[in-house]
Amino acid sequence: MPKHIVRLIMLLAAIVVVYFVGRAFLTPKSFYVYGHFRGASPREIASIKPTFLDPTAFKESEPAIYATWSTGIHKVVPCQDCHVGAVHEGAKGPIPRGPFPKSSLELCTQCHQKIVARPGFQPQINVALHAHGLQCVTCHNPHSPTETPFGKPLFTTSTLASAQGNLAAGQKLSAQCAACHGAKGVSTGPAFPNLACQSKAYLVTALTEFQKGTRSNPIMSGVAKGLSNADKLNLATYFSSQKCGGK
Amino acid sequence: MSDDAKNPDLPRRSFIRLIGKWTVVAGALSVGVETMKHLPTAAASESIISRYPPQGPVPGYNWLDHHWAFAVDATRCIGCLRCVEACKIENDVPFNPYNTRTWVERYVYLDGEKEPHVDSIDDPRDIAAAGTRMNYRFADLYEGQKVDQAFFIPKLCNHCTNPTCVEVCPTGASYQTPDGVVLIDKTYCIGCRYCVQACPYGARYFNEQTNTADKCTWCYHRITKGMKTACVEACPTHARKIGDLKDPNSDVSVFIRENRVQVLKPEMGNQPNVFYVGLNKDVC
Numbered sequence: 001m002p003k004h005i006v007r008l009i010m011l012l013a014a015i016v017v018v019y020f021v022g023r024a025f026l027t028p029k030s031f032y033v034y035g036h037f038r039g040a041s042p043r044e045i046a047s048i049k050p051t052f053l054d055p056t057a058f059k060e061s062e063p064a065i066y067a068t069w070s071t072g073i074h075k076v077v078p079c080q081d082c083h084v085g086a087v088h089e090g091a092k093g094p095i096p097r098g099p100f101p102k103s104s105l106e107l108c109t110q111c112h113q114k115i116v117a118r119p120g121f122q123p124q125i126n127v128a129l130h131a132h133g134l135q136c137v138t139c140h141n142p143h144s145p146t147e148t149p150f151g152k153p154l155f156t157t158s159t160l161a162s163a164q165g166n167l168a169a170g171q172k173l174s175a176q177c178a179a180c181h182g183a184k185g186v187s188t189g190p191a192f193p194n195l196a197c198q199s200k201a202y203l204v205t206a207l208t209e210f211q212k213g214t215r216s217n218p219i220m221s222g223v224a225k226g227l228s229n230a231d232k233l234n235l236a237t238y239f240s241s242q243k244c245g246g247k
Numbered sequence: 248m249s250d251d252a253k254n255p256d257l258p259r260r261s262f263i264r265l266i267g268k269w270t271v272v273a274g275a276l277s278v279g280v281e282t283m284k285h286l287p288t289a290a291a292s293e294s295i296i297s298r299y300p301p302q303g304p305v306p307g308y309n310w311l312d313h314h315w316a317f318a319v320d321a322t323r324c325i326g327c328l329r330c331v332e333a334c335k336i337e338n339d340v341p342f343n344p345y346n347t348r349t350w351v352e353r354y355v356y357l358d359g360e361k362e363p364h365v366d367s368i369d370d371p372r373d374i375a376a377a378g379t380r381m382n383y384r385f386a387d388l389y390e391g392q393k394v395d396q397a398f399f400i401p402k403l404c405n406h407c408t409n410p411t412c413v414e415v416c417p418t419g420a421s422y423q424t425p426d427g428v429v430l431i432d433k434t435y436c437i438g439c440r441y442c443v444q445a446c447p448y449g450a451r452y453f454n455e456q457t458n459t460a461d462k463c464t465w466c467y468h469r470i471t472k473g474m475k476t477a478c479v480e481a482c483p484t485h486a487r488k489i490g491d492l493k494d495p496n497s498d499v500s501v502f503i504r505e506n507r508v509q510v511l512k513p514e515m516g517n518q519p520n521v522f523y524v525g526l527n528k529d530v531c
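As you go down the protein sequences, you meet chains A and B in turn. With the working numbering applied, the first sequence covers 1 to 247. With the working numbering applied, the second sequence covers 248 to 531.
Just so you know, these hints were derived from the structure itself, not from any lab. Among the hints, a few may not be true.
List time: in silico BS3-like cross-link candidates among lysine-lysine, alpha-carbon distance up to 25 Å [stated by the list, open to error]:
1) A:K75 <-> B:K475
2) A:K225 <-> A:K172
3) B:K393 <-> A:K114
4) A:K29 <-> B:K433
5) A:K172 <-> A:K184
6) A:K184 <-> A:K243
7) A:K59 <-> B:K472
8) A:K225 <-> A:K212
9) B:K472 <-> B:K493
10) B:K361 <-> B:K512
11) A:K75 <-> A:K59
12) B:K475 <-> A:K59
13) A:K243 <-> A:K172
14) B:K472 <-> B:K433
15) A:K114 <-> A:K243
16) A:K102 <-> A:K59
17) A:K75 <-> A:K114
18) B:K361 <-> B:K393
19) A:K59 <-> A:K49
20) A:K49 <-> B:K475
21) B:K472 <-> A:K49
22) A:K102 <-> A:K75
23) B:K528 <-> B:K393
24) B:K475 <-> B:K433
25) A:K3 <-> B:K268
26) A:K49 <-> B:K433
27) A:K225 <-> A:K184
Chain A is nowhere near these chain B residues, computed Cβ spacing over 10 Å in every case [said to hold, decoys possible]:
28) T270
29) A273
30) D312
31) G427
32) Y441
33) V443
34) Q444
35) D498
36) G516
Idealized CB from N, CA, C, for every residue including glycine.
From just these sequences and the hints, can you work out the full model?
Here it is as structure tokens:
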């Protein structure tokens, strides 16, 4: 055989040897055990520690809140949707909100702002008209939003909503509210909430809570003290009958 | 005159030939010895069998007993993006609107227009509404315009039966497990981004924290422990479901039985395993 052919064959043989030796060194042990991948990889991925906890994990540490939450309409919203930091102490990445959300107005409207494409079954609000710049938790208990933060039902549809007050009497009484809330319930400044077209049941509940002291405000607590039950209903009837924004 | 005549004791050419021969012999010997060390011995192969049984390498979990699938009822999606946030925290996904393992798209058909307007959390208007990279929300667009039809479509990796991303991976870093999940071995990924291009659903992204490709794993670390994925846990309207097709009573098996389901881009031949209700012809 000519010398240059022999050399070529030897070079090829050397390349083949280097290939097999290199493969034996460089291929991880578990490669090809299950297929064309490292067999240890699924175990590594499966061994990551889950950080999202089931809401029942807080049943014992927060019994009162858990009871409110699990009986209210928000029981479909798990804890971590709002209390991110509380549930994710083991999380490696950044946590968008602390254990207690800073602004309920920003958080709640993620689900409840009225926007195009949000389906009809979801309760939605026009934020400017509904919230009057107030935080949602001023009136709603976030763990059970059909209740006030003080545990009272927000919409007592059975009695309050159907009860009819005296519109004229309410209008007469409303003179003392006009300085801040406006004669027709459209407030004179951003510090005062609009009352026009507000829910009647809510207005009565709010006044009652100011009377009882469960809700407090330096001005409103004083104003509400002198009102009878009939007065509250008459005022609520008047303001709830006014058009939104006074138009 | 020959070289040998000049250097009678040890001619140069003979010397070089001698050195060459011994180098080859010594090299072959050392390579041979080293290779012997790497050859599987009886004890080593036994430990491989015990560490990698046919039931899969995950302790306490038999991957031959499961075939995972996902279902989305798009008519129930309210676009609150809790799933996106939950996924980012659970899976250490970078907090920016562009890198997501799961995301939600909004399709809006304005009156008199045939083509939909599509936006997602990476739309500049939605980024402006969210205000921060830590938070995601859909802006109140289309105010005052007459809308014919509008809906949200949640999306994630389809964990296809014929995954193109696995097909193109040059290293074996992307692979499919027998329980129907497509995973990425991040220690083996060289970051060539070929799979990101190959996915017809845009489900993969390049993670600049790890310098590897990244995508949804259907929370493999949760489903192998009997838990639901983070996005399914977070969804307040039960628009998302994860389940085992081998269990006739799982959420997904029931959903597929009770609804007329569709998949995205069936014409691609990937055979996706995320089953939708509430798509229309323009959703892709």
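Point to revise | Agreement of K102 (chain A) and K59 (chain A) with the hint, judged by alpha carbon distance not exceeding 25 Å | key: Since the Cα atoms of K102 (chain A) and K59 (chain A) sit roughly 24 Å apart, the hinted pair holds (cutoff 25 Å).
Point to revise | Pair hint K114 (chain A) and K243 (chain A), alpha-carbon separation not exceeding 25 Å | key: Satisfied, since the Cα-Cα distance of roughly 20 Å is no more than 25 Å.
Exercise for review: Given the hint that K75 (chain A) pairs with K114 (chain A), test it: the Cα-Cα distance must not exceed 25 Å.
Suggested key: Distance of about 21 Å is within 25 Å: holds.
Exercise for review: Verify the proposed pairing of K475 (chain B) with K433 (chain B), using a straight-line Cα cut of 25 Å.
Suggested key: holds, 23 Å
Exercise for review: Take a quick look at whether K225 (chain A) and K184 (chain A) sit within 25 Å of each other, Cα to Cα.
Suggested key: Holds. K225 (chain A) to K184 (chain A) sits at ~22 Å (cutoff 25 Å).
Practice item. Measuring Cβ to Cβ, find out whether D498 (chain B) lies farther than 10 Å from everything in chain A. Key: Answer for D498 (chain B): holds, closest chain A Cβ roughly 15 Å.
Point to revise | Agreement of K102 (chain A) and K75 (chain A) with the hint, judged by alpha carbon distance not exceeding 25 Å | key: The hint holds at about 21 Å.
**Study point:** Straight-line alpha-carbon gap K59 (chain A) to K49 (chain A), limit 25 Å
**Key:** OK: K59 (chain A) and K49 (chain A) at ~22 Å, within 25 Å.
**Study point:** Given hint K393 (chain B) paired with K528 (chain B) - CA-CA distance at most 25 Å
**Key:** holds, 21 Å
Exercise for review: Verify the proposed pairing of K472 (chain B) with K49 (chain A), using a straight-line Cα cut of 25 Å.
Suggested key: Roughly 10 Å between the alpha carbons, so the hint for K472 (chain B) and K49 (chain A) holds.
Point to revise | Given pair status - K472 (chain B), K59 (chain A), alpha carbons within 25 Å | key: holds, 22 Å
Point to revise | Proposed proximity, K433 (chain B) with K29 (chain A) (alpha carbon, max 25 Å) | key: holds, 17 Å
The structure agrees with every numbered hint stated previously.
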